[in-house]
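One line per chain: the protein sequences are A, B and C, in this order. Read in our numbering, the first sequence has 368 at position 368, and its numbers run on one by one without any break. Read in our numbering, the second sequence has 1009 at position 9, and its numbers run on one by one without any break. Read in our numbering, the third sequence has 2069 at position 69, and its numbers run on one by one without any break.
Take every hint as true, because none was put in to throw you off.
Mimicking DSSO-like on lysine-lysine, the simulated pairs with C-alpha atoms at most 27 angstroms apart in a straight line are:
(1) B:Lys1181 x B:Lys1066
(2) B:Lys1053 x B:Lys1181
(3) C:Lys2078 x A:Lys235
(4) B:Lys1060 x B:Lys1284
(5) A:Lys69 x C:Lys2024
(6) B:Lys1272 x B:Lys1284
(7) B:Lys1060 x B:Lys1119
(8) B:Lys1243 x B:Lys1198
(9) C:Lys2078 x A:Lys69
(10) A:Lys235 x C:Lys2029
(11) C:Lys2029 x A:Lys69
(12) A:Lys505 x B:Lys1229
(13) A:Lys235 x C:Lys2024
In case anyone wonders, no lab produced these hints; they're calculated from the structure.
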Amino acid sequence: MFRALFCIGLALLVPGLVAMGVSLCGGPVEWFTDTQTFWGVPISLFVFWIGLAHAGTLISAAFLVLNVKMDRRTALLAEMSTLCSLAVAVCMPLMHLGVIANFYMVAPFWDARGNISNVRSPLVWDFCCIAVYGVLSLLFFVSHFCMNPLKDDLPTVAVARAWIKKVRRPMAWILFPLVLWVHSVVSLDFASTFVPEWQGAFFPLYFIAGAIFSGLALVNFLLTFENYRVRVLEKLTLVCSWFMCAFWVWNFIINGNFCVSAFVFAGVLPQLLFVEWVRENRYACVSLWLSILLGMLLERVYLVSPTMETFGWIDLGLVAFGAGMFLVTFYGLRRLLQKGIEDDELLMGDVDTVGEALDSEFEAASRKYFLPLSTPEYRILRLPVLCGILVAILFSIWTFNANDQVNIELRLVNVFPLFGPIIALVAALILTSRALWTVSRKSVRWVVVSLLVAFAGACGAFYAGGSSVPEKASAETSSQLLDNVSVVNVVWDSRCATCHGIDGKFNKKFVREFYPVPQTLSLDRLDSIGEDSLVQVILQGRVNMNSYEGRISEGMARNLVMYMRILAERDSARASSAGEDEE
Amino acid sequence: MDRREFIKVCSVMAAAGLLYGCRKIPFVGKASSDESLSRAIPALKDFEDEVEKAMARGGKNLDLVKVPMPSILNASDADLQNRFGMAIDLDACNGCGKCIMACIVENNIPLVTEEEREKDRFMHWIKMRGDAPFMCAHCGDAPCEKVCPTGAANHTPDGLSAMMYKRCAGSRFCGANCPEKARKFNYNDAEELGLLRKFNAEVPVRGKGVMEKCSMCLQRLQNDRLRFKAEHPFNEWRGRNVKTACAEACPRNAIIFGNWLDPESPLVKAAKHRELFAPRSIAKFDPSVVYMRGRR
Amino acid sequence: MTPLMNALACLLALASARFLWRDKVSMLKESLILLGFLLISCFYTFFAADMSLVQMEHYPFRMLALFLCFSTTELPRKRRRYLVLAQTAWLWVEFFAGISLFYRGLDMPWIRITAIAGIAFGSSFLSRINREMEFCLMVFWIAIWVFF
Chain A
1 MFRALFCIGL
11 ALLVPGLVAM
21 GVSLCGGPVE
31 WFTDTQTFWG
41 VPISLFVFWI
51 GLAHAGTLIS
61 AAFLVLNVKM
71 DRRTALLAEM
81 STLCSLAVAV
91 CMPLMHLGVI
101 ANFYMVAPFW
111 DARGNISNVR
121 SPLVWDFCCI
131 AVYGVLSLLF
141 FVSHFCMNPL
151 KDDLPTVAVA
161 RAWIKKVRRP
171 MAWILFPLVL
181 WVHSVVSLDF
191 ASTFVPEWQG
201 AFFPLYFIAG
211 AIFSGLALVN
221 FLLTFENYRV
231 RVLEKLTLVC
241 SWFMCAFWVW
251 NFIINGNFCV
261 SAFVFAGVLP
271 QLLFVEWVRE
281 NRYACVSLWL
291 SILLGMLLER
301 VYLVSPTMET
311 FGWIDLGLVA
321 FGAGMFLVTF
331 YGLRRLLQKG
341 IEDDELLMGD
351 VDTVGEALDS
361 EFEAASRKYF
371 LPLSTPEYRI
381 LRLPVLCGIL
391 VAILFSIWTF
401 NANDQVNIEL
411 RLVNVFPLFG
421 PIIALVAALI
431 LTSRALWTVS
441 RKSVRWVVVS
451 LLVAFAGACG
461 AFYAGGSSVP
471 EKASAETSSQ
481 LLDNVSVVNV
491 VWDSRCATCH
501 GIDGKFNKKF
511 VREFYPVPQT
521 LSLDRLDSIG
531 EDSLVQVILQ
541 GRVNMNSYEG
551 RISEGMARNL
561 VMYMRILAER
571 DSARASSAGE
581 DEE
Chain B
1001 MDRREFIKVC
1011 SVMAAAGLLY
1021 GCRKIPFVGK
1031 ASSDESLSRA
1041 IPALKDFEDE
1051 VEKAMARGGK
1061 NLDLVKVPMP
1071 SILNASDADL
1081 QNRFGMAIDL
1091 DACNGCGKCI
1101 MACIVENNIP
1111 LVTEEEREKD
1121 RFMHWIKMRG
1131 DAPFMCAHCG
1141 DAPCEKVCPT
1151 GAANHTPDGL
1161 SAMMYKRCAG
1171 SRFCGANCPE
1181 KARKFNYNDA
1191 EELGLLRKFN
1201 AEVPVRGKGV
1211 MEKCSMCLQR
1221 LQNDRLRFKA
1231 EHPFNEWRGR
1241 NVKTACAEAC
1251 PRNAIIFGNW
1261 LDPESPLVKA
1271 AKHRELFAPR
1281 SIAKFDPSVV
1291 YMRGRR
Chain C
2001 MTPLMNALAC
2011 LLALASARFL
2021 WRDKVSMLKE
2031 SLILLGFLLI
2041 SCFYTFFAAD
2051 MSLVQMEHYP
2061 FRMLALFLCF
2071 STTELPRKRR
2081 RYLVLAQTAW
2091 LWVEFFAGIS
2101 LFYRGLDMPW
2111 IRITAIAGIA
2121 FGSSFLSRIN
2131 REMEFCLMVF
2141 WIAIWVFF
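Extracted from the complex, chain A is given alone in its bound form (with noise of 0.2 angstroms):
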C-alpha cells in the first residue's frame, strides 16, 4: 500500500518536477499570475501546503497541552506530515521570487553597507514565522525518538526518558500558540493590502480554521491508509467543515467573494460523513478527505487570483509536484524511520502518557510550598519564555535602531508580530538544549555543532553582501560622458567627497562610523602606494569603500588618483605655510 502511494507520489512528482524546472528557468511569466495582483498559483500552493503543515504540530500539541489523549502513533504521522508539507510550502514563495538569488534578503538582518530588510512588510514577519517553525517542529518530531534509543543501554534510556518527558509538554505549550501564529501572519500578507478582494480583518481566524481543517482532512487521509480512525480527529473535521462555511458566508457578507466549488467540496460533501456507510467504508473516506483537500485548494486559488479562469499546464504542475512531493518524502521518511513508527513500543492505540506523569508531578509539586520564582513550572517553562521576550525586546531595540539609519519609521505593530517567532525559538532552544544535549548520541552532537558553525558562516556571507555592480550596467557609455579630464573634480566632488571631503581630507562625521579609520591621503602615502594600486583600489573596494568598476572608467580612475596628488599637495602646502607662520 505505501509502496504504491510512494509509486502515485513519484508519478505526480517527475512531471511536476519538469514543471517546477520550467517555471525556475523561465520565471514568472511561465505560470498564471493575476494581473491585479501580481501573485499566482504558488502563492496558493504556497498557503494551501503551510495550512496543511500546521495541521500535524498543532494536533499534536494542542492536545498534550488540552490533556485529550491521542496515541503516539497518530501523533508521529500528523507531525511527520507537518515536517513534509513544510518542505513543499517552503520551495513555493521562493520559486514565486522573480530574482530567486535575492531571496536571503527578506531575513530581518544587516549587512555591511547598512542594507537591511524592511521589518514593516509582511513577508519578512512570515520569513522568520516559517523558519521558525521548521527548526521547532523538527525538535518536536525528533524528541520522540530520542524516547526509545539504543535498547541495550538501561540507564541512558532511563535518563532519555526523564529528560523528554520534562521537555514535552512545556514544548507543546510553546508549539500551540507559535502554530497559530505562523498561520495569522501569513494571512496577514493578504489582509494588510489594499486589494479589494484580500481585506478582512477577520483573515487571520479564517486562515487557521482553514488551516485546521485542511489539515485534519490530511492526517485523516494518511491515518486511513495505516488502516486506522481516529474518531476525535472526524469528529473535528467535520465541525470545521460548518466553521468554514461561516467563515464563507461572512466573507461574502464583507468583500462579495464567494468560491462556489470550495463550498462543494469542503462543504457540503465532508456532510457525507454522518452516514454511517461512508464513514466505514475505506474508499470513500478517501475520496472525502480528498475532496476536501480539493475544496481548500480552490479556495485559495480563488482567494489568491481572484481573476484565475484556466489552469495551464505549469499550473496543474505545480499542483502535481506539491502533492508528488510530500507523498514522495512522506513515504519515503516514514520507510527510513519505519523501526520508529512500528516499534513494539509504540503500537497503534498506545496513548502517550508523558502529559499525565508530569501532570501528576506538577500536583505533587503544587501541594509543596515553594519560594517564589522557584516553582517547577516557572523554572521549566516561564522562565526560558521570559528569556525569550528579552531577546525579542532586544531585538525590537536593535531594529528601531537600525531602521533608523535608513530613515525608515518603525511602530511597535511593524516589529510586534515577530515576538511570537523570536520568543518561541529562545524559549523552547533554550528548553530543549539541554535535555537533547544529554540524550543525544556523539554523532548528533557533532551534526549540530557543525550545524551551528555553517549557520554562523551563513550569518558571515549575508553580512558579507553581495556585489553593488548592476548586472546590466551601461557603464561602457555612461562612464565615456565623464571620461574627459576637465571633469574629474565634477567626478570627484559628487562621487568621492562623502567620504573623502571636497578637499582631500576626510569628512570626519562621516568617516567616524567606520573601523578601522582609514589613514589620511597624505603625499607620503599616496607615493607609498603608487598609482596602480590606488586605481585597483578605486576599481576593486578595499574594506568600507564600494567598488567603483563599471561605474567609472580606468581612465577616469587614473584621472582620480591625479587629483588626489593635487589635492594632497595642496594639503601640504598649506600645511607647511601655516608651519612657517607658527615659527
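Starting from the known structure of chain A, arrange chains B and C on it as the hints suggest.
Frame of chain A, contents of chains B and C only:
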C-alpha cells in the same frame, strides 16, 4: 526494492526532471555569446506602434477627487527644501500620448512579447487612463514601500518613491499593494529577446524579475544636482533646471515638473490658482503627482 | 455601531454563554452552540451595524471571543487554564485584526489590547476562582467591551 535501489531511483528521477527543466539554459548561454552582435534591436517604429496599441486598449478612466497642494513630506528625514512632483493639466492635455514615447526613450523601456501584450502587461511607465496620462504618483505615504520585504522600494527625502533594482527580490508585493497598479514587472529578459533598445546610456537596464515604475527621471535630477554641487558647493540646490522627459515632450505643456516647496518653481506657479485632484484610491497617501483642472 | 447596540452585543454574549457548558460535554454539542452563536452574531452585526465601517469586519469574532470568556466562568474544572486560553483568544482576535486595520490606515486599539493582556496575564496567577472573582472578571470584560 531495497533502500539503496530506492534512493538510486529517486535521485535518477530527480536529476532527469531537473535536467529536462533546465534544458533551456545551455541554449540561452550560447545565444547570448554568439548572437550578441547580431541580436535584433527593435526600431523606433516598433516602439511607436506599441504605444499606439497600448493607447488603443485604453484604461479605466481616473476617478478623481480634490486634494490639497502637496507640502513637506510627513517623514522624519524629510527634505525641507525640495519635494519634487508633477501636475498634469487636464484642461490642456488632449491625450496625444507623446509623453509615453518620450518616457520610453528616456528610460530604456523595452517592448513586450505578443503574449504579454494580449494580457495588457505593457512595460510603459505612463498609461493613458481616459484622456489623461497616469504614472506612479510618488505617494508620500506610499503603500508599496511599506510592504516591500527587502527595502528595495524606498522613499528619498526629496519625495521620490525610489527603487533599488539590485535589492529587488521580485516578490511583487509592492505591485499587489499599489491601488492604481502603477508598477510594472519585468516578466521577460527584454535584452535577451531583442525587445530592448538602449536609448539612454545613463539609465541602467532592468533585469528579469525586477519591479520598476516611473522614477520621475531620477537621472536628470541626479545629474543636475551633481553639477550644481560641484559648481556651487555652498548653495542650496532646488532642481530648477530639470524637466522630466514627459514634461519636455508635451506639445501643449500639460505636464509640469517642479519642486512643490520652491515658490519659484514653475509647478507651484502653475498650480497655485488651480484646483488639484488625485485618483480616489491614492488621494489619502499624499501623492506628489497630481492633476489640475479649472481655476480656483 | 451605536454604543447601545455595542452594549446589546455584550449582553447577547453574556446571556448565551450560560448554555455552552451546561449538561454533559460533547464535542458536537459544544461546537454546534459555538457555531450557532457565531452565525447569530454575524447576522446581528450585519443588521445592527453600518457594514461600510472596516471595524465591523471582525466584530462577530470579537463577540465569539467574549462569549468564550463569559462561558469559562461556568466551567466546573480546570478553569484557570481555559480562562487564560479564552482571554488569549480574544487578545488574538483584537491584535491581529488591529494589525490588519493598521496597515489600512486605522490606529491600533492599544488600550483595549493592553487591558485584555493585563487581565489575561493577571488571571494566569489566580489559584482559586470563587464567585466574587468570577463577578470581578465579568465586570472587567464588560468594561473593556463597552468603554475601550
